[in-house]
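Asks: One-letter residues, chain by chain:
Number of protein chains: 2
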Amino acid sequence: MEERSITRRQFLYRAAAVGGTGLLLNTMNAWGIGIASRVNAPPVLNGSGKGKRVVILGAGLAGMTAAYELGKLGYAVQVLEARDFAGGRCQTARKGFSLTELGGDKQACTFDEGHYINHGPWRIPLHHQSTLYYTRRFDVPLEVMVNDNDYSFVYLESGGPLARQRLRPAAVKADMRGHVAELLAKAVKGNMLDQELGAEDKRALLDYLAHEGQLDQADLRYKGRSGRGYAINPGAGMNPGQMSDPLGFKELLASRIGNVYSAVQDFPMQNTMFQPVGGMDAIAKAFENQVGRHIRYKAEVQSIRHGEREVVVTYKDTASGKLRTVSADYCLCTMPLSVLRHVESDFSDQFKQAIAAVAYAPVGKIGLQMKRRFWEEDDQIYGGHVLTDMEGINTISLPSSNWQRKKGVLLGYYNYQTSAIEVSAMTPSERAEFALRAGEKIFPAYRDSFESAFSVAWHRVQYNLGGWADWSEEKRQSVYPLLLKGEGRVLLAGEHLSYLGGWQAGAIESAWQQLERIHERAMA
Amino acid sequence: MEERSITRRQFLYRAAAVGGTGLLLNTMNAWGIGIASRVNAPPVLNGSGKGKRVVILGAGLAGMTAAYELGKLGYAVQVLEARDFAGGRCQTARKGFSLTELGGDKQACTFDEGHYINHGPWRIPLHHQSTLYYTRRFDVPLEVMVNDNDYSFVYLESGGPLARQRLRPAAVKADMRGHVAELLAKAVKGNMLDQELGAEDKRALLDYLAHEGQLDQADLRYKGRSGRGYAINPGAGMNPGQMSDPLGFKELLASRIGNVYSAVQDFPMQNTMFQPVGGMDAIAKAFENQVGRHIRYKAEVQSIRHGEREVVVTYKDTASGKLRTVSADYCLCTMPLSVLRHVESDFSDQFKQAIAAVAYAPVGKIGLQMKRRFWEEDDQIYGGHVLTDMEGINTISLPSSNWQRKKGVLLGYYNYQTSAIEVSAMTPSERAEFALRAGEKIFPAYRDSFESAFSVAWHRVQYNLGGWADWSEEKRQSVYPLLLKGEGRVLLAGEHLSYLGGWQAGAIESAWQQLERIHERAMA
Numbered sequence: 002m003e004e005r006s007i008t009r010r011q012f013l014y015r016a017a018a019v020g021g022t023g024l025l026l027n028t029m030n031a032w033g034i035g036i037a038s039r040v041n042a043p044p045v046l047n048g049s050g051k052g053k054r055v056v057i058l059g060a061g062l063a064g065m066t067a068a069y070e071l072g073k074l075g076y077a078v079q080v081l082e083a084r085d086f087a088g089g090r091c092q093t094a095r096k097g098f099s100l101t102e103l104g105g106d107k108q109a110c111t112f113d114e115g116h117y118i119n120h121g122p123w124r125i126p127l128h129h130q131s132t133l134y135y136t137r138r139f140d141v142p143l144e145v146m147v148n149d150n151d152y153s154f155v156y157l158e159s160g161g162p163l164a165r166q167r168l169r170p171a172a173v174k175a176d177m178r179g180h181v182a183e184l185l186a187k188a189v190k191g192n193m194l195d196q197e198l199g200a201e202d203k204r205a206l207l208d209y210l211a212h213e214g215q216l217d218q219a220d221l222r223y224k225g226r227s228g229r230g231y232a233i234n235p236g237a238g239m240n241p242g243q244m245s246d247p248l249g250f251k252e253l254l255a256s257r258i259g260n261v262y263s264a265v266q267d268f269p270m271q272n273t274m275f276q277p278v279g280g281m282d283a284i285a286k287a288f289e290n291q292v293g294r295h296i297r298y299k300a301e302v303q304s305i306r307h308g309e310r311e312v313v314v315t316y317k318d319t320a321s322g323k324l325r326t327v328s329a330d331y332c333l334c335t336m337p338l339s340v341l342r343h344v345e346s347d348f349s350d351q352f353k354q355a356i357a358a359v360a361y362a363p364v365g366k367i368g369l370q371m372k373r374r375f376w377e378e379d380d381q382i383y384g385g386h387v388l389t390d391m392e393g394i395n396t397i398s399l400p401s402s403n404w405q406r407k408k409g410v411l412l413g414y415y416n417y418q419t420s421a422i423e424v425s426a427m428t429p430s431e432r433a434e435f436a437l438r439a440g441e442k443i444f445p446a447y448r449d450s451f452e453s454a455f456s457v458a459w460h461r462v463q464y465n466l467g468g469w470a471d472w473s474e475e476k477r478q479s480v481y482p483l484l485l486k487g488e489g490r491v492l493l494a495g496e497h498l499s500y501l502g503g504w505q506a507g508a509i510e511s512a513w514q515q516l517e518r519i520h521e522r523a524m525a
Numbered sequence: 002m003e004e005r006s007i008t009r010r011q012f013l014y015r016a017a018a019v020g021g022t023g024l025l026l027n028t029m030n031a032w033g034i035g036i037a038s039r040v041n042a043p044p045v046l047n048g049s050g051k052g053k054r055v056v057i058l059g060a061g062l063a064g065m066t067a068a069y070e071l072g073k074l075g076y077a078v079q080v081l082e083a084r085d086f087a088g089g090r091c092q093t094a095r096k097g098f099s100l101t102e103l104g105g106d107k108q109a110c111t112f113d114e115g116h117y118i119n120h121g122p123w124r125i126p127l128h129h130q131s132t133l134y135y136t137r138r139f140d141v142p143l144e145v146m147v148n149d150n151d152y153s154f155v156y157l158e159s160g161g162p163l164a165r166q167r168l169r170p171a172a173v174k175a176d177m178r179g180h181v182a183e184l185l186a187k188a189v190k191g192n193m194l195d196q197e198l199g200a201e202d203k204r205a206l207l208d209y210l211a212h213e214g215q216l217d218q219a220d221l222r223y224k225g226r227s228g229r230g231y232a233i234n235p236g237a238g239m240n241p242g243q244m245s246d247p248l249g250f251k252e253l254l255a256s257r258i259g260n261v262y263s264a265v266q267d268f269p270m271q272n273t274m275f276q277p278v279g280g281m282d283a284i285a286k287a288f289e290n291q292v293g294r295h296i297r298y299k300a301e302v303q304s305i306r307h308g309e310r311e312v313v314v315t316y317k318d319t320a321s322g323k324l325r326t327v328s329a330d331y332c333l334c335t336m337p338l339s340v341l342r343h344v345e346s347d348f349s350d351q352f353k354q355a356i357a358a359v360a361y362a363p364v365g366k367i368g369l370q371m372k373r374r375f376w377e378e379d380d381q382i383y384g385g386h387v388l389t390d391m392e393g394i395n396t397i398s399l400p401s402s403n404w405q406r407k408k409g410v411l412l413g414y415y416n417y418q419t420s421a422i423e424v425s426a427m428t429p430s431e432r433a434e435f436a437l438r439a440g441e442k443i444f445p446a447y448r449d450s451f452e453s454a455f456s457v458a459w460h461r462v463q464y465n466l467g468g469w470a471d472w473s474e475e476k477r478q479s480v481y482p483l484l485l486k487g488e489g490r491v492l493l494a495g496e497h498l499s500y501l502g503g504w505q506a507g508a509i510e511s512a513w514q515q516l517e518r519i520h521e522r523a524m525a
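From first to last, the protein sequence lines are chains A and B. Going letter by letter, the first sequence gives residues 2 to 525 in the numbering used here. Going letter by letter, the second sequence gives residues 2 to 525 in the numbering used here.
Each hint should be verified, as a subset may be incorrect.
Just so you know, same-sequence chains aren't split out, so a pair can sit in one copy or run between any two.
[Stated by the list, open to error] Cross-link-like lysine-lysine pairs, in silico, DSSO-like; alpha carbons within 30 angstroms at most:
no. : residue 1 : residue 2
1   : K73       : K408
2   : K224      : K476
3   : K286      : K408
4   : K299      : K107
5   : K73       : K372
6   : K203      : K251
7   : K407      : K73
8   : K190      : K203
9   : K251      : K476
I should point out that these hints are in silico values taken from the structure, not numbers from a laboratory.
Bound-form chain A, shown alone:
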């Protein structure tokens, strides 16, 4: 059907298939329809979907985005959700929340009132305008999530001469960059780079290096600086403070500690990001407020069959154990591919194989409630990440909410791939012990302050079976375009069909894209 006439959109897909992204983008730019401007808001669509039925599988952010936008267009939407709550991976664990991993015991979250861990998505980049479009539209209050804190710690076990020290990233950055600036200044002054630099370039570069590295004006040497922190902070009266001594260049180099940061953070990380006040699931709840009446909860999809005229989805009502069916004109399936592969369907073998080909990332997180915010009180760390090379830990992240309150929930580890599999094999209490053994090496008060834990291993969570689609470049070439196209009356959407893997924006933008295609077909 859709093959009969080539829409502009279809042409673009073909351009991409034939000429790759380059041709796609060139074509789009030639048409003046740059993608960048398109993704700040849902597609503006004309026509009504009245009388057309769309069944949406999964009430995560992709599914609810589609339900909301298609509902506004007049479609009769029905969302099937296996759980008894909406949101997909957009979850927040707080008192009353419980989780039973596959093959595991039930974990009940017992954090104090007002404390929580976002064990799924936990931060919103400032340029994810699609996510921010809905937080604004649905009036979800946001607060800053401190993603980078130079006054946190970096702690490396295999850090050579700087191993097992609690170092402030500010000091490491100041000293590495200071020493590097001094070294380059020496080369420039020694006329070693005259082939590269003209006289005016040299003057400007020396000026820059002196500024960047705060080098001594007279001899262009790095001798430490205030921003790395003081040994004694300046104060009242006769206390101008006492500078701390810089770390030596050779020690820094040998420790490889400079590799924990980079010139700027990589996209899409930013020093400050956003989190909804009170927990990430505020976004899920806001969507649910809008489309909840269209969601059938405890509806576990069993099979998807699609013919010439309609698509029929069979699901099990897990409350009653009974099988039921929903038929619709189109189906938008937002289930993770790791789950969809286990659903019976009449997809072609090629499509089934494509679904099964995509790996999902094992991802683990643990929230630890501490009865005292020792990281703030003892170490003046307010948010951000403690970076470490300890196996299975990766980061200990401090909460960006409840500043200065009595208690706090920190993230004890955030692991993926191999280490996530290892740690997830432990029981919840073993995981907590594992996290405590690491954390107490860095914070003396860690173990004594610990009250309760809540952990998740996403690859062991029913209806998710993984953190996010883990695309290889090869799979992006081979099966991604196929999955993106869908089959018959079924289209797929979710973070797995975007280049924003693992981000809520990927789910939303993918939904925008696919609902537009459904609408195009319905209007055809």
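Fit chain B to the known structure of chain A by using the hints.
Replies: Below, chain B without anything else, positioned relative to chain A:
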């Protein structure tokens, strides 16, 4: 009196006077009483101040800190405050707030409900444990103040080949550091720095440079990177995003634009800082809640006279115009020196001259209410500073509150010294026009979005007469120790008697220090 026995404290002052800070700190460290640990909380004092009277001049943060702590010790405290509200410079302009500068017309703030400008102190560093001690103690809710935002703009009028462009600091940092890393890598690989670096150092340094600058693995060249921002952001479907092109090294050097940032921010600036929710004056109000019953408002100090047995302060009740006196055992004067110099007293000529010798910084700020948050909606800038070299502007700072709401109040300029004097000579509406002319060069929507302004020139504000004490190194040597010592029964406190000039922490820590001295004397 205090000279009779040399307390440890007095010894330290002498050590500082004789041997400078170095001797002071060495002595303290030898005694194991490092200052750093001392300033996290008020001094722990024994004994009762019962029956002793202390008159405190000024209900700013220094005065209220002293009133609170001395009150807890049992002293009868009386605070004289010239204004009809407490807080000193810790003010927030919101609807209902008004200000008449000396020689100026009354400005009434007409911002919408929920919007404000902190025209005095506006950010709290994470290591200012003294300020944070009271926000915690008084349960003042804090939120993150985004002090550094790599996705804001830098806009230089005299930026050579990059003049008048809205550049993201992230791009400038990525490109400058990338090019610099490449250049140094070239020198290292070319064995130009073999005198400085051993073989292992070279390997480690090349590894670091490749990481810091994200250099191409094969040829160690810088070719741009994701963190500088994309031309087209990655999105759903067939859109992996399109990288943007790096700025050229020669253009960057010639523009001198790299000098807007540094390896790390200088102390006490941090990427994220704090602000009280709803306005900085929440701190003033929290103190006022505690000590308000001891404050006599509209009490304008006229004279200070101190004899053997007591100190007598005369003030004018500006409501009635009548002169009244207060006598006390001790006086803690927290008035700015710029104001105190105009108060009649029987201080020695030397002390009077010391007071008069200290310059105060002219400081100006303007808040502009915008009916639309175009910086967020159009440019995805959420907080932080737009850096510019435009005369009298310095920074346009975006609010770290009311994210995604309809309106917002931004800081249109933050100027000091010469440019503050020039701008402050304008009428309030001329200042707004001045700010708009600058801002509209950077943001097309600036002027059309403007609704109302509120500005302050602290050097023109009665009872302040300046932003903060502007200490020269020479004055720190000559008159600072004298002022710190006080005279007779009068001690001075405030940010001007600290090395935390202009910060609230300076006022608080100075008060802690001087109230301890009062207590020592009272107990002697």
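Asks: Can you give the numbers of the hints that this structure goes against, from lowest to highest?
Replies: 9
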